[in-house]
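**Student:** This is what each chain is made of:
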Amino acid sequence: MAAVTADQTAQAGADRPEGADGALEAAFDAAVAADERIEPRDWMPDAYRASLVRQMAQHAHSEIIGMQPEANWISRAPSLRRKAILMAKVQDEAGHGLYLYSAAETLGTGREELLDKLHAGRQRYSSIFNYPTLTWADVGAIGWLVDGAAITNQVPLCRCSYGPYARAMVRICKEESFHQRQGYELLLTLSKGTPAQHEMAQDAVNRWWWPSLMMFGPPDDASAHSAQSMTWKIKRHSNDELRQRFVDICVPQAEALGLTLPDPDLRWNEERGQHDFGAIDWKEFQEVLKGNGPCNEQRLTQRRRAHEEGAWVRDAAVAYAEKHTATHTAARNGEATA
Amino acid sequence: MTATLALGDDALVLSHRLGEWAGHAPVLEEEVALANIALDLLGQARLLLSMAGDEDELAYLREERAFRNVQLVEQPNGDFAHTITRQLYFSAYQRPLYEQLASGGSAFAGLAAKAVKEVAYHQDHAEHWTLRLGDGTDESHDRMQRGVDALWRFTGELFEPVEGLEIDWRSLRSDWLESVSAVLDRATLTLPAGPQSGAWTAGAGRQGIHTEPFGRMIAEMQHLHRSHPGASW
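Taken in sequence, the protein lines are chains F and A.
Take the first sequence: its position 277, counted from the start at 1, is 275 in the numbering used here, and no numbers get skipped.
Take the second sequence: its position 165, counted from the start at 1, is 149 in the numbering used here, and no numbers get skipped.
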């Protein structure tokens, strides 16, 4: 965080007239209230910047950690068509990571610094990726439920007050909805397939349903960052609102899939015009968040290992670039003096 | 059939190996780049295998001895330098091969004309990394040289004539040697002096003789498909 503060002081200081903080803040508040976009060179409150960096970093980390549970099935994909779809999906996630790290960079925090924080366990990624992909159907369940929940969360971010984040999200959401349809179609094929395939699909939905509901974060009365983020229009709907929206979308889709959702309390509430659903096990959520999920250790270890084992490659690229820039510069200087 | 399987299996198997990098690449940009190459090759493989029959039956239900890929493409990934070397050697072969096929009148002409553009990118990618690693740090230089040396003996097989492919194998070989030598030289790496194949490896992959790691690779690849006979996916 120290680096963020130092940098933002340097950046904001350049445009900030002495003693005009109050006026700048008022202009920022007015821009946000008028639904205008805040751009990287605009003045912004320190806490707004820090909050965005935290959120974008967590989002970027989720994309790259999220590659692991799905990449787990690339080598075993049961048809070449499915293999191509899955590889392209995992590749898209790497691409999303790139856009999001770049968007965070516009606020003065580089990818390397954010990755170091992830590897040190000081920044989070979405807890959903701490669950294992045990069968091929999990690839479909992730597409349908996890990507579905992510889209429900992320579509409103396309209107987020910070320009670079909002624009990155437009592109990401388009690709995510493609992934979600592919996941749904994978599950549909299994559900209508052999009895063993159907069972595989049902089992995956049973395991992924509750963790997907947890993706919307703690209930509104327990959410640490919600109120301020809503004022700043980084966030536009509450956790519980989005969760309800997701449940209402999934119920008819599950029916069309011929699969059941593992919640005996799930039923239509005529009065509310929404579905009632059972209590979420927040104790499990907290445990996974604390690092005690089935795969926390595995995911972070693989990420750290890939980074450490790749250090010599990154060093080589830097050394090569330096050598060749130096050669060019020397050659140019040589020419100039000759 | 022999030629279709040879080309299709090369692309299928190399794509599979590259897919194993997902989530393990040294830098995020390489996650994207390696997946790109893997997807191009998988696309080629699907077109080719479909020319020979049902793509999934061919990929998932053949035994190890029925695969016709060269041994080079089945070699395990090793470190990043090893993977780059494998890609350099293979792309430097596939590009002139497809160029020749594209300008010929065989059934492969259309496919090769499209694929050659993809392969040009694969080769470019491999050459850039060969330069960076060869002429980067001492460590990267040593690793790259080890990759170049270790995979050298699998390169002779690339120029064994394949029945059904109208290729000038001699010029293919000289194109290959010219581009590989040039990039190794610029990368301050040494072109290996040893034989490009032993008596045992020459042409062996094309005859269905593979190396031990290949058996485990296809066991993993085929396991799920084979566990549900007749199922659709």
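It should be emphasised that the hints constitute simulated quantities derived from the structure, not laboratory data.
Be aware that a few hints might be false.
Coverage of chain A stretches by chain F, computed from C-beta distances (three or more under 8 angstroms per stretch; other residues unrestricted) [said to hold, decoys possible]: (1) 89 to 95; (2) 112 to 125; (3) 146 to 155; (4) 160 to 169; (5) 205 to 212.
Even glycine gets a Cβ: it sits at the ideal position worked out from N, Cα and C.
**Student:** All hints are to be evaluated individually against the structure, with a verdict given for each.
**Tutor:** Tested hints:
1. A count of 0 residues in the region 89 to 95 of chain A with a Cβ less than 8 angstroms from any Cβ of chain F is obtained; the coverage claim is therefore unmet, three being the minimum.
2. With 8 residues having a beta carbon nearer than 8 angstroms to a beta carbon of chain F, the region 112 to 125 of chain A meets the requirement of three or more and the stated coverage holds.
3. Chain F is given as covering the region 146 to 155 of chain A, and this is violated because 0 residues of the stretch bring a CB closer than 8 angstroms to a CB of that chain, at least three being needed.
4. Coverage of the region 160 to 169 of chain A by chain F is violated [criterion: at least 3 residues with CB-CB distance below 8 angstroms; count 0].
5. Counting residues of the region 205 to 212 of chain A whose beta-carbon sits less than 8 angstroms from any beta-carbon of chain F gives 5, enough to reach three: the coverage restraint holds.
Violated hints for the displayed structure, listed by number in ascending order: 1, 3 and 4.
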